[in-house]
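Starting from the structure of chain W, add chain X where the hints point.
Residues per chain, in single letters:
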Amino acid sequence: MLERLLALLLLATLVVLAPACAEPPSLVLWHSYRGEEERTLVALARRYESEQHIRVELLAVPFDAYTAKLTAAVPHAHGPDLFIDAHERLGIYRQENVVAPAGDALPDADVVGYDPSAIGAVTLDHQRWAVPLSTKCLALYVNDDLVKSVPALEDLESLRASLPPGVVPLAYEVENPYHHAAILSAFGGKLLEDDGTYGFAGPAALQSVVFVRELIARHLVPSDANGSLVKQLFSSGRAAMAIDGPWLAADLPPGLRYHVAELPLRTRGAEAMQPLLTVESVMLSPQGAQRAEVRAFARWLGGTESAIQRATGAHQVVANRAAWRDPLVAGDRLLAAFHDEQRWAQPMSTSTRMRAAWVPAQEAMRRVFRGEDPQTALVEGMGRFEDALKPPPPPPSPAPLVVVTGLLALLGAIFAVRRATTPDFRHALRVSRTAYRYVAHAAVVVVVLVVVPLAAGALTSLFAGTRADPRYVGLGNYVAILTARGGPLLGHGSFYLTLLVTVLWTVCNVTLHLVLGVVLGMLLSRPAMKLRGAYRVLLVLPWAVPSYVTALAWKGMFHRQFGAVNAMLGALGIEPVSWFSHFATAFAANVATNVWLGFPFMMVVTLGALTSISKEVLEAAEVDGATRWQRFWGVTVPLLRPTMLPAVVLGSVWTFNMFNVVFLVSGGEPDGSTDILVSDAYRWAFTRDAQYGYAAAYAVLIFLILAGGSRLLSRVGGAKEASA
Amino acid sequence: MRRAESIVAHLVVGVGVVFAVYPLLWVISVALSPGAMSDHAQALPWPEHPSLDSFASVLGLRDGHTTIFLRQVFNSLAVSLATALVAVAVATPAAYALARFRFVGKTWGMRVLLATQMFPAVASAVPLYLLLEGLHLLDSRSGLVLVYASTAVPFAIFQMRGAFEAVPVDLEEAAMVDGASRAEAFWRVTLPAVRPAIAVTALFAFMSAWNEFILAATLLSREAAFTLPVVLQRYVGEHDTAWGPFAAGAMLVSLPVMALFYVAQRQLVAGLTAGGVKG
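Those sequence lines, one after another, are chains W and X.
Counting from 0, one number per residue, gives the positions in the first sequence under numbering that gives the first Met the number 0.
Counting from 0, one number per residue, gives the positions in the second sequence under numbering that gives the first Met the number 0.
So here's chain W without its partners, still in its complex pose (with noise of 0.2 Å):
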């Protein structure tokens, strides 16, 4: 009765949210474009429909999926038949199948009607892959009412001297790779030398992270910028110039008198910055690519008609030249400059071994800044690079792997067959028989959408190479991992140094949460407590609004120069923390995010098993003379046990791969040494070109690992249980 109610309640649910059937649309065009760059591309869309009656279905996806939608759709045929995106991921998207050549979209003869630079961009293997839109790079922002002149890189001091008290000469992004990689060609190097190999550790990027650390040092620019502040500094005039990309204009007040000039010389008449160059573009996708009428929408998209309305409605620095003969193109001082100093740039790298450049280029630049010996900061981050992209083991045999699974599942049959024939075992299953129907949907659920799909997960770890080209490499990359890739065993970034913290910051987040939990849980159960229902509603607010904005929030209060943590500090005469800079403080940022998230679980789930506690029980011990100490310990703690312990082992198991927070907070820093196993395993996958079956062995083992202790834990809660 009860499950046949259920069961139809189930399926009216599905009926009700069947998919309504969308007519299939004409053409389809995914993005991420925001604002005016978005509101521009719908008017030209429109603008196509009408003119060539077909239509064009556009779809705005957040920039934090876009790569991942796009590598999970179009190889399944669910994808778009064009999409804008960077030249610089053709590399990555070549090799998951994700883009087809352009084709007639991009002819020869249109060839010419392009900046040579971004033609270059798209052109792999004597290909070409997509229809360049508009270029990006950076140029020097300058406030014209604080600077007469733009001095040379090594004459910010001088500038100084002309300007207020509490104004910064010059800011930019100073950790950002993509910034420095500007500062450091006018020193001659680059990130990824055009062969593939790690450029980042030669004397021009020793003599280029020095260069800017001794800028750091004179307070010449501001020394933990990103990309808020400095739009922040820039637009307030405390900053007199700022190295930014052409997104910045956007957000500059009215009022603001600016210029935007080509980068400074390092000294005068040396060598220029050559700042890295991104070219939008429309790529196509191999079924889109197959229709005419997709290809002539791309190569519309590109062209001058287009390439005006986009220079003039979303600002672009378009690609296709004849836009610039347009008069309100040409006339555009901001679009020229931006014009201007793209001459200079260099296009990205499209090799996928460009992606597991950034972090260690990073890492070695934080080094550096904190004050670490600059060669050996750099160094290591070159090996860490070249260890990164170690190529997988030779695949062996499948053979021994198949012949023991078979063997196990030989011996597991005739061990259930002999089992299942015992008369014991028959009985035992008869009388099961009413408990099955009451657990057959949730196992049928559990089976299919959460087991099935994590075993599928787990067999990749038996893989190496790319999703479209994987190869069978059987324990290979467990190995790899056990043997921390052949370092020393607790070396930076292993395996076992990971599980280490991993295992610190499980205790302590889940400490924190329990002790905060069910103090405030027992103090709201009071009957007598006034404005509980109030304090109950605040309370549980960090667990209302979500994670991913509020992580940030934290992020942005333990900001050493304008957070809220240091300004409070401070009210205090306590010097500000540099909050990300130490293991020890970023380990204590990340805790404190993760207990303001989780302890109102902790509470609800406190309150819940609270009430299914009699009263009667407690008077009764109070009666006996119990103290209230007593009470707590010898009634309370084991009748919310039962409720309590799934709990605690589910929050255990949570705060183990509490992704979210390690990943927004503290980011891995410093140097990554915050990172618990699952972020680590997150940057295999995606910032370390692309190694999933590394990533789902790091998986499997967070698994084995988290089973064996809760195992224990259960043992360990079960006993005391069996004892009180």
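By construction, these hints were calculated from the structure, which means they are not laboratory data.
Positions of the beta carbon are idealized from the N, C-alpha and C atoms, including for glycine.
Be aware that a few hints might be false.
Selected chain X positions facing chain W (Cβ under 7 Å, derived; list incomplete) [what the hints assert, rightly or not]: (1) ALA98; (2) PHE102; (3) VAL152; (4) GLU183; (5) ALA196; (6) ARG233.
Okay, now just chain X, sitting in the frame of chain W:
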């Protein structure tokens, strides 16, 4: 004595409330400041030039996006409510059986269930995608509900099983002695006794679906089908983040959850049948 105790209790809870609310005040402050984050260190979250611009742009009052925004609110509500319903409906009978019956495979079942919680969820993202593709449920709300149920159901089973175990068997047996069938005893006696746990479980399932963004963004491919977190995440760009609308959106998104908690906590207080346990 009682008075001092009560003051201490209020003090402790008060400190907890400040800890809980302070970071949110920053979110509110950012939501009310159109000019992004504050450019000097301050301990008190107070917006310098408060304005409601960010809220207006999230609600689409500027560009006439209000209709589609409401549609997205509806999507989020439908998906989250369905997830909560599915989780509770599937988990309750199973949890009851796990708490009350002995049966073959019970220990193993519990182990597998716990084990599923130990795999980092990312490991199953691609297989789930293929599964939904096979079921033709990509880009649909039902598909999303299935995916969310995959995380919500195991947790719900754990939570409900604990609650059922805390209900004394005597209660049911008393009802069955009085002539009720097992099903009747379950409906009339046991289920009302675990109402608070159902409320908490449903709330949890609702919230996990309500706040999830990466799977929703990967699986849904029509703007009209997007859920709110996907819409919110659009304010985070490659080079810059529109902090004002992002924070304002986060506040709007959390309002229904707060309302739900308010309702659920009444459940927690009122839905107790502990009276029956007394004997």
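Taking the hints in turn, this is what the structure says about them:
| no. | hint | in the structure |
| --- | --- | --- |
| 1 | ALA98 | violated (10 Å) |
| 2 | PHE102 | holds (3 Å) |
| 3 | VAL152 | holds (5 Å) |
| 4 | GLU183 | violated (9 Å) |
| 5 | ALA196 | holds (6 Å) |
| 6 | ARG233 | holds (5 Å) |
Against the hints set out earlier in the document, violations occur for numbers 1 and 4.
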